[in-house]
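Going by numbering that gives the first Met the number 0, the first residue of the sequence shown is number 0, and it counts up by one from there.
Since the hints were made in silico from the structure, they are not lab data. Hints are supplied without guarantee of correctness; some may be wrong.
[To be verified] Here are the simulated lysine-lysine pairs, BS3-like style, with alpha carbons at most 25 Å apart:
#1 K128 / K254
#2 K93 / K373
#3 K37 / K15
#4 K254 / K117
#5 K263 / K376
#6 K235 / K50
#7 K93 / K377
#8 K254 / K242
#9 K367 / K242
#10 K93 / K117
#11 K128 / K149
#12 K367 / K377
#13 K263 / K367
#14 K242 / K43
#15 K242 / K117
#16 K93 / K307
#17 K235 / K366
#18 K117 / K238
#19 K254 / K93
#20 K43 / K238
#21 K37 / K149
#22 K128 / K50
#23 K242 / K373
#24 K93 / K247
#25 K149 / K235
#26 K37 / K50
#27 K37 / K238
#28 K93 / K299
#29 K377 / K235
#30 K128 / K117
#31 K235 / K254
#32 K43 / K307
#33 K366 / K376
#34 K149 / K373
#35 K93 / K376
#36 K238 / K93
#37 K307 / K149
#38 K247 / K50
#39 K235 / K117
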Amino acid sequence: MNYFTSKGLFVRNISKDRYVVEDILGTCSMPFETTEDKLNETLKNNWNLQKLVTLGVTNQFPDLSDFQWQDLEYYYIAHINYSFLNSILAPEEKERFHSLMGLFPLAYSECGHGEGSKEIFESIHNQFKEACSNEGSPLNENDLTVFLIKSQVSRICSDIMSLLNRAITGYSNLLVAQRDCINESHTALHQLNVSEIVHSGQNSYRVATEITSLVISLCSSLDLSAKLIQYINSIKPEKLSFKGARDKQHHEVRKLSPIYFPSKFIQDIVTLQSTAIELPELIQFRNDLIHSTSALELEKIFVGIGHKEINDLPLYYSAQYSRDCFDNGQPHRYLGRDYFSSTQQDIEVKALSWVNSVITYHLEVGKKIHEHLKSVKKT
């Protein structure tokens, strides 16, 4: 397998258990031997590098296996929707409901764009609702309520997946942009006769933009997870009624009173949040990107060759560092500044840990929602 590594480099497999480190210009290190499971350890010990993700993540049709994408689809595309419907409809009711799905107006999924779209959508809904109340209609108002509730759950799940996909795309774009910084700046190293320079330009702005998009998308997906939990929790199967889902912030799950979900479920989610140690730093960074100048610090990227950063390996590299933070996620601050990087942890490594941490959280939440909905399946 061939991988991106930290410092804007690659590691390429050339034969069984033989690898080379390669830069964006195609220059390679001497071959070295290691096994796949010890590759990361070898990279770290020899050159202060870390294996990241496979090159397939940047393909036109990206390989998302590094991000457990199929597991996410299992819950948020298929099984939560399926088990939710099973929890509010008995088997014969569900069979009847599915047989009538083709009667619902397409406007419920497609309407909402262009001039007067809200008014048109509202008119269609009111007319259809009136038709459902007419005697002799194959549909009744309860069918419409079930359809709207199910659609709301499906939409939130779909939006979570879209935000995670955007975050992963932002990460792959970050990897590409960092390497483009090397392409832009490597000749300046020789012109100035130095081993490292600070690069600032169009591609470093791209890097800052992609990190910002990644962070905001991840945090928004966490808020949507809270929204999904709140919405399902508000359902009363014995008396179904449709209400639009309300926006929720990630931490507000702890404020929910048990209705559809038991108190143990809510406490389990709160425990998940408190044990996901990456999340406070991520959320605080989102806040600082929006409300302070942290994004400007992301535009500074070091580009060099044969430097101590990579233990004098004669390859071109890029280095961009995440900021120092306390365990509670708050950054080190001094005299109005909030971006110090004494630990020199690569932003590529930090961003990947954020993505993986959020995905792990969504998988755990999705599993718990699915298991609870299965346990209350209507018979």
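Now for the hints, and whether the structure bears them out:
no.	hint	result
1	K128 / K254	violated (34 Å)
2	K93 / K373	holds (15 Å)
3	K37 / K15	holds (13 Å)
4	K254 / K117	violated (33 Å)
5	K263 / K376	holds (18 Å)
6	K235 / K50	violated (48 Å)
7	K93 / K377	holds (10 Å)
8	K254 / K242	holds (19 Å)
9	K367 / K242	holds (23 Å)
10	K93 / K117	violated (30 Å)
11	K128 / K149	holds (16 Å)
12	K367 / K377	holds (18 Å)
13	K263 / K367	holds (11 Å)
14	K242 / K43	violated (53 Å)
15	K242 / K117	holds (17 Å)
16	K93 / K307	violated (65 Å)
17	K235 / K366	holds (21 Å)
18	K117 / K238	violated (28 Å)
19	K254 / K93	violated (33 Å)
20	K43 / K238	violated (59 Å)
21	K37 / K149	violated (46 Å)
22	K128 / K50	violated (56 Å)
23	K242 / K373	holds (23 Å)
24	K93 / K247	violated (30 Å)
25	K149 / K235	holds (13 Å)
26	K37 / K50	holds (11 Å)
27	K37 / K238	violated (57 Å)
28	K93 / K299	violated (57 Å)
29	K377 / K235	holds (13 Å)
30	K128 / K117	holds (16 Å)
31	K235 / K254	holds (19 Å)
32	K43 / K307	holds (13 Å)
33	K366 / K376	holds (15 Å)
34	K149 / K373	holds (16 Å)
35	K93 / K376	holds (12 Å)
36	K238 / K93	holds (17 Å)
37	K307 / K149	violated (57 Å)
38	K247 / K50	violated (36 Å)
39	K235 / K117	violated (28 Å)
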